[in-house]
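Enquirer: Sequence order for the protein chains is A, B, C and D. Per the UniProt record's numbering, residue 1 is the first one in the first sequence, and the count goes up by one each step. Per the UniProt record's numbering, residue 1 is the first one in the second sequence, and the count goes up by one each step. Per the UniProt record's numbering, residue 1 is the first one in the third sequence, and the count goes up by one each step. Per the UniProt record's numbering, residue 1 is the first one in the fourth sequence, and the count goes up by one each step.
Be aware that a few hints might be false.
Dumping the calculated PhoX-like pairs for lysine-lysine here, alpha-carbon to alpha-carbon at most 20 Å [to be verified]:
hint : chain 1 : residue 1 : chain 2 : residue 2
1    : C       : Lys31     : D       : Lys31
2    : A       : Lys102    : A       : Lys112
3    : A       : Lys102    : B       : Lys31
4    : A       : Lys116    : B       : Lys31
5    : D       : Lys102    : D       : Lys112
6    : B       : Lys112    : B       : Lys102
7    : D       : Lys165    : D       : Lys116
8    : C       : Lys165    : C       : Lys116
9    : C       : Lys31     : D       : Lys102
10   : C       : Lys116    : C       : Lys102
11   : C       : Lys112    : C       : Lys102
12   : C       : Lys31     : D       : Lys116
13   : B       : Lys116    : B       : Lys79
14   : B       : Lys116    : A       : Lys31
15   : A       : Lys165    : A       : Lys112
16   : A       : Lys31     : B       : Lys102
17   : D       : Lys31     : C       : Lys116
18   : A       : Lys116    : A       : Lys102
19   : B       : Lys102    : B       : Lys116
20   : B       : Lys165    : B       : Lys112
21   : A       : Lys31     : B       : Lys31
22   : C       : Lys165    : C       : Lys112
23   : D       : Lys112    : D       : Lys31
24   : D       : Lys31     : C       : Lys102
25   : A       : Lys165    : A       : Lys116
26   : D       : Lys116    : D       : Lys102
I should point out that these hints are in silico values taken from the structure, not numbers from a laboratory.
There are 4 protein chains.
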Amino acid sequence: MTDLTDISSALAAQAIELPSWAFGNSGTRFKVFGSPGTPRDPFEKISDAAQVNTYTGLAPSVALHIPWDLVDSFADLRKHAEDNGVTLGTINSNTFQDDDYKLGSVTHSDPKIRQKAIDHHFACIDVMNETGSRDLKIWLADGTNYPGQDDIRARQDRLADSLAKIYARIGADQRLVLEYKFFEPAFYHTDVPDWGTSYAHTVALGDRAFVCLDTGHHAPGTNIEFIVAQLLRLGKLGSFDFNSRFYADDDLIVGAADPFQLFRIIFEVIRGGGLNNPEVAFMLDQCHNIEKKIPGQIRSVLNVQEMTARALLVDRNALAAAQEAGDVLGANGILMDAFYTDVRPALAEWRESRGLDGDPMTAYALSGYQEKIEADRVGGTQAGWGA
Amino acid sequence: MTDLTDISSALAAQAIELPSWAFGNSGTRFKVFGSPGTPRDPFEKISDAAQVNTYTGLAPSVALHIPWDLVDSFADLRKHAEDNGVTLGTINSNTFQDDDYKLGSVTHSDPKIRQKAIDHHFACIDVMNETGSRDLKIWLADGTNYPGQDDIRARQDRLADSLAKIYARIGADQRLVLEYKFFEPAFYHTDVPDWGTSYAHTVALGDRAFVCLDTGHHAPGTNIEFIVAQLLRLGKLGSFDFNSRFYADDDLIVGAADPFQLFRIIFEVIRGGGLNNPEVAFMLDQCHNIEKKIPGQIRSVLNVQEMTARALLVDRNALAAAQEAGDVLGANGILMDAFYTDVRPALAEWRESRGLDGDPMTAYALSGYQEKIEADRVGGTQAGWGA
Amino acid sequence: MTDLTDISSALAAQAIELPSWAFGNSGTRFKVFGSPGTPRDPFEKISDAAQVNTYTGLAPSVALHIPWDLVDSFADLRKHAEDNGVTLGTINSNTFQDDDYKLGSVTHSDPKIRQKAIDHHFACIDVMNETGSRDLKIWLADGTNYPGQDDIRARQDRLADSLAKIYARIGADQRLVLEYKFFEPAFYHTDVPDWGTSYAHTVALGDRAFVCLDTGHHAPGTNIEFIVAQLLRLGKLGSFDFNSRFYADDDLIVGAADPFQLFRIIFEVIRGGGLNNPEVAFMLDQCHNIEKKIPGQIRSVLNVQEMTARALLVDRNALAAAQEAGDVLGANGILMDAFYTDVRPALAEWRESRGLDGDPMTAYALSGYQEKIEADRVGGTQAGWGA
Amino acid sequence: MTDLTDISSALAAQAIELPSWAFGNSGTRFKVFGSPGTPRDPFEKISDAAQVNTYTGLAPSVALHIPWDLVDSFADLRKHAEDNGVTLGTINSNTFQDDDYKLGSVTHSDPKIRQKAIDHHFACIDVMNETGSRDLKIWLADGTNYPGQDDIRARQDRLADSLAKIYARIGADQRLVLEYKFFEPAFYHTDVPDWGTSYAHTVALGDRAFVCLDTGHHAPGTNIEFIVAQLLRLGKLGSFDFNSRFYADDDLIVGAADPFQLFRIIFEVIRGGGLNNPEVAFMLDQCHNIEKKIPGQIRSVLNVQEMTARALLVDRNALAAAQEAGDVLGANGILMDAFYTDVRPALAEWRESRGLDGDPMTAYALSGYQEKIEADRVGGTQAGWGA
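From just these sequences and the hints, can you work out the full model?
Expert: Right, here's the structure in full:
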């Protein structure tokens, strides 16, 4: 039996933020399928998210998306969260669903539309001040579909200007986290396509600006763990949006498509001092288009935990010695040994020793919660990306 | 001035089918933007499509999508089309928007759902018999998002069985055309991911089954013109869905992302005897998410025409001689010479000689049609992928 | 402890063919690094390959590459192999290193060069008759670098003609296995780029023609296990060339880049009846550019064995039930459960129960063989891709 | 006829540096084909390069590769160049062919090997001082093939340290230009994989450190013109290595694979002030594996010139107005109008007006130079990547 004694405190400290929108409906441009029990409002989303924490002890906070999660009283929402044992986390802005943003938001050639997008971020900061959130995460759908449609260079300059205005409004204990994405929904170019662009802008902004790395936002063949190592080295890795993908931005369950990649990513996080470091937030950003949402989230945080355990088990002294000796097969073998170790039985025991159920998936399934929400949540409009 | 004399009859014979859904709204999973003047019903879509033909003489038929284009009377729709100088073309089935199809349609493990999907195709064949359409085009969203979700092999067998039942219903003068797509909306596997799969199934079905090649449905780095050449050689290229893409299934204007690729594709069509061959239908399948739809379609058919003219101008005797001589640079140079020839002035003259406006884009813009539909089409629900 | 009782006979029957060229030097266009102890001739390659079998019991045969492995007497080589406990396996042809083949071999526009390439295959069949080999594996470097360089369609026709001539020479108990590769060393197009092309040609050839699937020869995003399932369904999967890659045709150790993909591939082999089926040969095709070659091969066959064990452990009844029930997370979970099972301790015990060392990597390292060949093999020319 | 009057001075100022190694043999890991007339030494390479300039007026300098181009007297080589009407340009270092560099050079874990690699760069700077070269271009093959093989993060730190030592030796009028490449010859990770990494290091080094953008060194789907725009904006675009590719680092003739991409790249260069700006060097980096080398280079510089002319013809006022108006199709149309303009006849005239032959390809072919070198250069060892 693998012994987790040495890594127990690292495991105990782990926290993964859940996205409120993972509990609503999502889909593709072809169809958004509904599902019974889907929340109708942010309060119900928080209730569902809290279930994930109840059964795993891994997910103590919930990220909100504005305006999808706008409520009359964020104080009430905050209390509701706390009553359910979780807190409100990162605030995500949204400048891609208003008709004005058809051709861009903070990069738009029209200064009025840019100001509208900047104002939206000011409103998000107001929400942060009410929810007690630390991070404003900015993902932009800005970009173009056709060469020549707009001036790529001018858009960078406008981006820099808009970000500076938003950054100036961020509180002393708050952070601006800029996400990059190389593709979709803009098809020809996106205005923040890669970590280099996000990095250059956050350097220009200042010490409280960081990069968000969404694991699904890279070109094929990209070595993501390298980017992790590089951003940690440069002091600019602010957060992860975890998910997995086979081809594009699939937003599948983290670890589902390539578990070994997830292992390598977390290993570099540990190597670079990013694990359980408050500077580097772990978040999920996923879409449960066809699978049940609450167990989908439970499975996801468990995947992160299991891979973290494996990565913590790497014999780093032996690894360093093999690397130093130029022993290619030996060094690779030490890494693989940890990856192939089945940590699940030990984690179940460890979980039980901490008052949790050893098998969170089954415990949730047997809890009756799913049946209850499916029965109770009748009527109203199921939450989705539009609301 | 480039002389089009020798290729005039080939140009004159060219016909490109328009998709009715290109005139409705479309978008991404993030947002579908509306636009003034969008049709509210299939009749208005046909009217708009007819404008493309009026100004280009290139688009004499319109493909329908069932159930999006269901009307009370297809006889009326057919008459409306004929009154506007176009005909009704390919019928496209849709088995991806009913809740029953969440996990598959003709490949579903539940025989009742498979039969429902088969019955939908029977209904499409009924429509074909009313519209006088020759082709039933089948694109399937079937696939899975997670490894293990379903049995890949069993789904192939069920696919073969379902297709055989549909094929048996096709009339003697009708065809079944099976489209392939390597990704989206299913993320882990699609049931018809590549030309090989579509080819193997159409061979098993029989002589009236063909492959549809959508230019946006391939993995990065795929040489599409090779597939064109191969399918023509094997006698199974039934139709094209033209569009262009930078990364995924962008459905941008054909030729917009890589004009040289479009040139190479059409060159292989000509080389293999597929141009103006009724066996090989040219169709558009595009999404005008942010640009105006009617001029978007005009631009598209003009792009196909211009590239066809360039490809027809290749000096094939000289090319063959250079190829035979192993003259790599010479052979490439002969191809490029045609590609770099600016055929637009000669095409404008040629158009005028045939009673068309030399500049269809401007002619449409000046026609007042766009202003009229934007003013007239107020109220009702704009057509989109849902209707 | 995982119990291997039920899968023991399947494991015992497994055989993986080694490529003789894996024991010679290899590299990239930038540099081929030499390494001490590298074989100078085919006899030494066989000796090294036999070591892999000695320590794993998994690798009873060795594939040859002609002309790299030409010897004066194949009877002697055959006897040398048998003396070392292995047999000679697949014969691989080579039509990419003679100056005549600069622009193609069996597809060349010059019939004399095509005949030369066909004759080379005849010579390979002669070797097969001496070595007792069943399979002639054909991988072609044929293709073009520039559009227009040659006639893609004509090359297909010439390919078909050349293959037919080669196939006609194959003995009644022999097979022609046609490999495909979508890229490299030709850059614009390859003449056998995908499984569809290889499939269409082997169908045209006849019952003794099969497809070889090299796991590194696909475009990014390709679902390889789907192709496995499809080719097994169509009865045309003849063999695997196992290796792994991160981007192109890296020829890394199988399972090194994406272990979960290897698991899924082998699961589909089992699902489709291809495991330990003589019709489906398992082979390695790898390049140990920087790591030691013999342990590199040992690691490789162990990776295949370990993944086979995991794939055999999938609870297929439970999986089928979850699939039937549309339980997406449940079905995926059953697959993942087998993948995450650490089979290594049980395999070590099982190995020992069969008279092998439980840890083949260490057993080889301690054997002194490596030190001996590094000391003995001084002088001469180290084998590589040129010889 | 397109009028080049307004862009004549921009065209006249254009200069593209040629790589000496393009005139030697090159190939793939499968085969390097020789060709008659290939230079045997750096003097002959310079002679050949000068031919390109003679016929195009576009290529006044030649980049050298150390140690491939080491000569006894660089003063003699410099004089030979000047006698042939060209100058010696960028010095390229090479730390990938010595056995010591098997696992890395400036990033190697062994400080002695790092120092050796640093010393090689010092030697390159010595050459620069003799040749009068301004730029030291560093492309590193450093990276790993297997996860765990070495410590990615530590290698970044060692890279930074080594580069700092090299940079400290650069003269006040010299520059260090750091190239990035996402793949090959290292397969799992490369130490400078992307522009972000190169950018971060050059910022840390100082004002005389710049990024080199090789157009073939990106992941599929990467928008290269965006990177051009971004690096120009950040003041760090030092040079281009032009070539083209269909999949990996094909090093084909620039513009051959995707002419429209080349157009877009050069348009962004112009937009950002990089054309004929001494800070942004235009160079070729290509491999003429199967085509003749001198005409291959002539074709290449003409491609760059022709695309430059097209990009200069963009009506930027009209473009800006359409962009400002949000006219997607209009703005795209203005860009495409310039791309589709056939500038070749006007360029031929313009060339003749400047005392050059209108058709450099034919002029070279008729010159007899090729026949002469093929007859004269008998014996000796043809130059290639090894020498």
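Enquirer: Would you mind marking each hint as holding or not holding in the structure?
Expert: Going down the list of hints, with the structure as the test:
1. C:Lys31 x D:Lys31: Cα-Cα ~12 Å, so holds.
2. A:Lys102 x A:Lys112: holds (14 Å)
3. A:Lys102 x B:Lys31: holds (9 Å)
4. A:Lys116 x B:Lys31: holds (18 Å)
5. D:Lys102 x D:Lys112: Distance ~14 Å between Lys102 (chain D) and Lys112 (chain D) Cα, so the pair holds.
6. B:Lys112 x B:Lys102: holds (14 Å)
7. D:Lys165 x D:Lys116: OK: Lys165 (chain D) and Lys116 (chain D) at ~12 Å, within 20 Å.
8. C:Lys165 x C:Lys116: holds (12 Å)
9. C:Lys31 x D:Lys102: Holds, at about 9 Å.
10. C:Lys116 x C:Lys102: Roughly 13 Å between the alpha carbons, so the hint for Lys116 (chain C) and Lys102 (chain C) holds.
11. C:Lys112 x C:Lys102: holds (14 Å)
12. C:Lys31 x D:Lys116: holds (18 Å)
13. B:Lys116 x B:Lys79: Outside the cut-off at roughly 30 Å; violated.
14. B:Lys116 x A:Lys31: holds (18 Å)
15. A:Lys165 x A:Lys112: OK: Lys165 (chain A) and Lys112 (chain A) at ~14 Å, within 20 Å.
16. A:Lys31 x B:Lys102: The given pair, whose Cα atoms are some 9 Å apart, holds under the 20 Å limit.
17. D:Lys31 x C:Lys116: Roughly 18 Å separates the two Cα atoms, so the pair holds.
18. A:Lys116 x A:Lys102: With Cα atoms ~13 Å apart, Lys116 (chain A) and Lys102 (chain A) stay inside 20 Å; holds.
19. B:Lys102 x B:Lys116: holds (13 Å)
20. B:Lys165 x B:Lys112: With Cα atoms ~14 Å apart, Lys165 (chain B) and Lys112 (chain B) stay inside 20 Å; holds.
21. A:Lys31 x B:Lys31: Roughly 12 Å between the alpha carbons, so the hint for Lys31 (chain A) and Lys31 (chain B) holds.
22. C:Lys165 x C:Lys112: holds (14 Å)
23. D:Lys112 x D:Lys31: violated (34 Å)
24. D:Lys31 x C:Lys102: holds (9 Å)
25. A:Lys165 x A:Lys116: Holds. Lys165 (chain A) to Lys116 (chain A) sits at ~12 Å (cutoff 20 Å).
26. D:Lys116 x D:Lys102: holds (13 Å)
Of the numbered hints listed earlier, those contradicted by the structure are 13 and 23.
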